[in-house]
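Novice: Below are the chains, spelled out letter by letter.
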Amino acid sequence: MNHLLILPILLPAVVGALLVLAARHDGVLARTFAVASTVLLLAIAVALLVLASDGQVRSYALGAWPAPFGIVLALDRLAALMLVLNAVLGLGVLLYAIGGWDQRGKHFHPLFQFELMGINGAFLTGDFFNLFVFFEILLIASYGLMVHGGGGLRVKAGVQYVVTNLVGSSVFLIAVGMIYNVTGTLNMADLARIVPQVPAADQALLQTGAVLLLLVFAVKAALVPLHFWLPGTYANAPGPVAALFAIMTKVGAYSILRLYVLAFGADAGAAAWLAAPWLLPAGLLTLVLGMTGVLAARSLGQMASFAVIGSMGMLLATVAVFTPQATSAALYYLIHSTLAAGALFLVADLVAERRGAQRDRFAAAPRIAQGGLVGGLFFVAAIAMTGMPPLSGFIGKLLVLDGVRASAHAAWFWALILTTSLIAIVGFARAGSFVFWKPHALPAAPASAYRPDGALSFVAVGGLLACLVLLTVFAGPVHAWLELVAAQLYAPAGYIDAVLGTAQGVR
Amino acid sequence: MEFLVASAIGVMTAAGIYMVLRARTFPVVIGLSLLTYATNLFLFATGRLAIGQPPVISAAATGYIDPLPQALVLTAIVISFGMTAVVVVMSLRAYLETGNDHVDLPGDASPEAAEDDWKLRARKPAPAAARGGRGERA
Numbered sequence: 001m002n003h004l005l006i007l008p009i010l011l012p013a014v015v016g017a018l019l020v021l022a023a024r025h026d027g028v029l030a031r032t033f034a035v036a037s038t039v040l041l042l043a044i045a046v047a048l049l050v051l052a053s054d055g056q057v058r059s060y061a062l063g064a065w066p067a068p069f070g071i072v073l074a075l076d077r078l079a080a081l082m083l084v085l086n087a088v089l090g091l092g093v094l095l096y097a098i099g100g101w102d103q104r105g106k107h108f109h110p111l112f113q114f115e116l117m118g119i120n121g122a123f124l125t126g127d128f129f130n131l132f133v134f135f136e137i138l139l140i141a142s143y144g145l146m147v148h149g150g151g152g153l154r155v156k157a158g159v160q161y162v163v164t165n166l167v168g169s170s171v172f173l174i175a176v177g178m179i180y181n182v183t184g185t186l187n188m189a190d191l192a193r194i195v196p197q198v199p200a201a202d203q204a205l206l207q208t209g210a211v212l213l214l215l216v217f218a219v220k221a222a223l224v225p226l227h228f229w230l231p232g233t234y235a236n237a238p239g240p241v242a243a244l245f246a247i248m249t250k251v252g253a254y255s256i257l258r259l260y261v262l263a264f265g266a267d268a269g270a271a272a273w274l275a276a277p278w279l280l281p282a283g284l285l286t287l288v289l290g291m292t293g294v295l296a297a298r299s300l301g302q303m304a305s306f307a308v309i310g311s312m313g314m315l316l317a318t319v320a321v322f323t324p325q326a327t328s329a330a331l332y333y334l335i336h337s338t339l340a341a342g343a344l345f346l347v348a349d350l351v352a353e354r355r356g357a358q359r360d361r362f363a364a365a366p367r368i369a370q371g372g373l374v375g376g377l378f379f380v381a382a383i384a385m386t387g388m389p390p391l392s393g394f395i396g397k398l399l400v401l402d403g404v405r406a407s408a409h410a411a412w413f414w415a416l417i418l419t420t421s422l423i424a425i426v427g428f429a430r431a432g433s434f435v436f437w438k439p440h441a442l443p444a445a446p447a448s449a450y451r452p453d454g455a456l457s458f459v460a461v462g463g464l465l466a467c468l469v470l471l472t473v474f475a476g477p478v479h480a481w482l483e484l485v486a487a488q489l490y491a492p493a494g495y496i497d498a499v500l501g502t503a504q505g506v507r
Numbered sequence: 001m002e003f004l005v006a007s008a009i010g011v012m013t014a015a016g017i018y019m020v021l022r023a024r025t026f027p028v029v030i031g032l033s034l035l036t037y038a039t040n041l042f043l044f045a046t047g048r049l050a051i052g053q054p055p056v057i058s059a060a061a062t063g064y065i066d067p068l069p070q071a072l073v074l075t076a077i078v079i080s081f082g083m084t085a086v087v088v089v090m091s092l093r094a095y096l097e098t099g100n101d102h103v104d105l106p107g108d109a110s111p112e113a114a115e116d117d118w119k120l121r122a123r124k125p126a127p128a129a130a131r132g133g134r135g136e137r138a
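Line by line, the protein sequences give chains A and B.
Residues 1 to 507 (UniProt numbering) make up the first sequence, in order.
Residues 1 to 138 (UniProt numbering) make up the second sequence, in order.
Excised from the complex, chain B in its bound form (with noise of 0.2 angstroms):
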């Protein structure tokens, strides 16, 4: 059980990395969920594996299991699924509004971004107001 629940975390977490190292926001966003779900995983395990234990102090039982990860885990499942939720719609805004989804703002070194990115650069504001899309200044 112990190599099953470690190679998991483990795959998911690589998964997860290789996807939020990707160029556009969709991969990043479900390498950050994979990212959190190898968390919350991992952070359960912090509790020691084990089976049929009572996690309450009872006189009949020969062991205990550590009830306090499955507490951590449950808030950072519902922080994690908050800020999913988050970052799904500033993406969605972000896609909106600038009318591409790289995650490289204009300007950095990246050959993806500056194919399209064109429209976006500040010194040449005429083809976004054109698009009609909101400005920076708008």
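Just chain A, same shape as in the assembly (with noise of 0.2 angstroms):
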């Protein structure tokens, strides 16, 4: 057992707590907790990737009981490349948040490890009811980050944020519930070893419950008809924690991609691809309404919430062809959409802040302060969310487009992508052009109003677009070794055996 494996949840659960403890009123102290804590998190998810990138799968059985009857966390390149992911937006987003957002709340540092720390669980576990237990932890630490800073309508829509998840909640409890009264198992190696052998006259209760399942996790991911939640929640969130929230949709896809091809994928008899027809024309329908309601924004936020939507259709309809190729894809675009929307939404911020009354609505407002600098980074960042060369959304919708030319329904791919592509570039350059041209046929503002960022805000900004730089420059070992990722995802002996195997190994 490698004690490295833990460490992703230990190191922000234990700092979160002593931030609580120790860094309660010192603000400078609890910013260097909370920055060296996030660096060392990302140094432990890259050794852990280079760990991963062997092939091997290496779990961890907590408390060393034996896999079907213990908790394990299972490390697969998967899990070690969502893991990276997450520090990296995590650092970005902390960086920007000291510029000024964490201190008007209490508690934004250990309520940022505490959602880390929850994420890294549901990225690590291989055991669905600890997902359970984790995505709980994630979930009440984005309540908290979702109000921070306060304010009538953020609580308003915070309260809608928390009773769509806690419906969810139950929902998933119901589907476990069923899985394990049919299966007696919990663990999802376990799983994927029994549901071939389920009987038939179980598969009725068996496939109720993994579809309830899929539809907690869609949920999550914001697939429409269950994306209602996401414009409110996320329009009305402070800037950094919604772009923190981009990569919570991706704990969703994350979680299908995991258990509906290992438990419920090619060798799960009759209930095999079980996701594959509900989520492919709602992954569609998905891209179509998100890119549409791109166009029908009315604020830079609610825009950047609907292009978050627009993607994860695309995603999850990409995973649904549930091939190797397609999810390599997937991936890819996974990687870029996640760092593109927080880009997007820290740069919305960056407007917000200033603009005074308007915050980032469409409506007429005098020039801002550092206008070119912002209206730079807001192009980068529209041009990567359109999926627009030079940047990696461009290699990543090709990608997609070469990956899923195998499908049945290919012809529906090519045309929605391309349309909804369209579609968002005409809403993204409304935007641009009403946030940072008109304002120029206005008179100029009184200056007082402006609240100059320092220059973390900017780095934390740039910090982001330079990984989808770096993303498009690398793009070709990057997806060459996501290949590998989705090669090892559709082989799912390797990882029953590396969790259920340590179980005969103890005994």
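I should point out that these hints are in silico values taken from the structure, not numbers from a laboratory.
Here the structure is a predicted model, which means the values were calculated and not measured.
No incorrect hints appear here.
To be clear about the criterion: a stretch of chain A counts as covered by chain B if any three or more of its residues have a C-beta under 8 angstroms from a C-beta of chain B, and this derived list gives those stretches:
#1 129-141
#2 152-165
#3 168-175
#4 178-187
Label pairs and their computed distance ranges (CB to CB):
#5 B:Val89 <-> A:Gly27: 20 to 28 angstroms
#6 A:Leu18 <-> B:Pro27: 39 to 47 angstroms
#7 B:Pro27 <-> A:Pro477: 52 to 60 angstroms
#8 B:Ala61 <-> A:Ala493: 36 to 44 angstroms
All residues carry an ideal CB built from backbone N, CA and C; glycine is no exception.
From the two separate chains plus the hints, produce the assembled complex.
Specialist: Okay, here's the thing in structure tokens:
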């Protein structure tokens, strides 16, 4: 057992608790600890990525309880990739928040660490009741972060968000209960072993449970028709928090990819590829609705939210093809869209901070301070998000278009992706010209309303955008590695042996 | 017994869903509580309904009852209890900050919410400031 596996969960948990106890009243100390912890987390995630790159799945039995009985963590290439992505986005968002947002309410840094802990846990766990617990941890932290800074509208949107997710949690438990009732296990690898042997009489119950579980992940991933909570939540959340939430939708996508390839994949007998017929049309519908929403949005935050919904639609529709080629393309797009959405929310916040009472709404407002720089950052983020050349969004879309060619529904993919790209470009162009060009026709405003940001905010946004540039430049090697990730994912025997094999080793 | 438990879960779920769909926060909180009760009972029932069976292995026993769902229920109860507290506090805060208990955001198409949410409308910040409420841009 390699103890490095537990560290991405343990480190933020300990630092989060320390921050609550010791650094509650000391802003500088809290910032120092938070940044140190997140940098360390990134280092650990990279170490795990290097560790996982050899293609071996590693499992970590908590309390040394053997696998189907105790809770295990499992690290494969996909989990390691998601850990690194979480740490990179987390670091960028944290640096931005230190620009001022973290002081507008209490306990930002502890909640942030607990959020990272919950997300890391969801990526690492190999047990789906434990997945529920980590979902709750990341949600509880996100409830606090969502209403950080207060304000009537934000708290109200927060209540909607909490209620939606509590209903989701109830459905999660019912689904877990149904699957446990049929299979008698909560371990995902053990589930993959048992599902093919489930008798025909129990199939209805098992498949109902599995589809209910898909429903819960779809709520998290903002899949139509369960996307309705996202625009209100993301557009009303504090900018950096909305940027961090960009990875929370990916937790839903990751869970779908993990469970429905492992346990309900090719070997699942009567329940094989259970998710595909639901996921594919819903994903394409989400893509259309999201990108149309970009055109209809009334503020930058809302527009970024709908862009997230659209990108989730494209991601999940591509996942729903369930071939290694499509999945490697979807993973490339996942990395890209997480970082691009994070950067876009931060840019929207930069704009909102500078426009006074108009915030980021598409309404007439005077010119903003540092308009050239902010406008340039928006331009880059918009190019990335709409998938225009030269940035990684373009490569991601090309890979997706190429990856789904073998699918029977390829014509739908091509038509919808290309059309919605155009719609998104129009939406972003309209937003950019409204916010950055039209003010030049208005008289300049008194300068008093501007709160000049430190350089740190720009470093954070620039850092995230630089990651996108790196992703573009190294697209070849990254995609080659992602093909290995997909290949490992679609050969679940390795995962099952690694998780259950430790059980025999201990006994 | 199966009929009784099943119908109890069904009735509580139905009532919970009805309440969650109400437009004000208090019935929604009650609805969430009912939903979590139904869920907990459902989870408990996944271990099969049996009376007088031992949960752990004993040489004298003729049958066993699965103890794991009870452990799951315990976790679920703790989490749902905590979450109910969170949603109560957030509803209260939303009520205190906005002066009403509607679930809908202003601007959403609900006649009830539109009726008295004019105070919240972001384009008219003046009434909120006059009321002494803390606006979003405080």
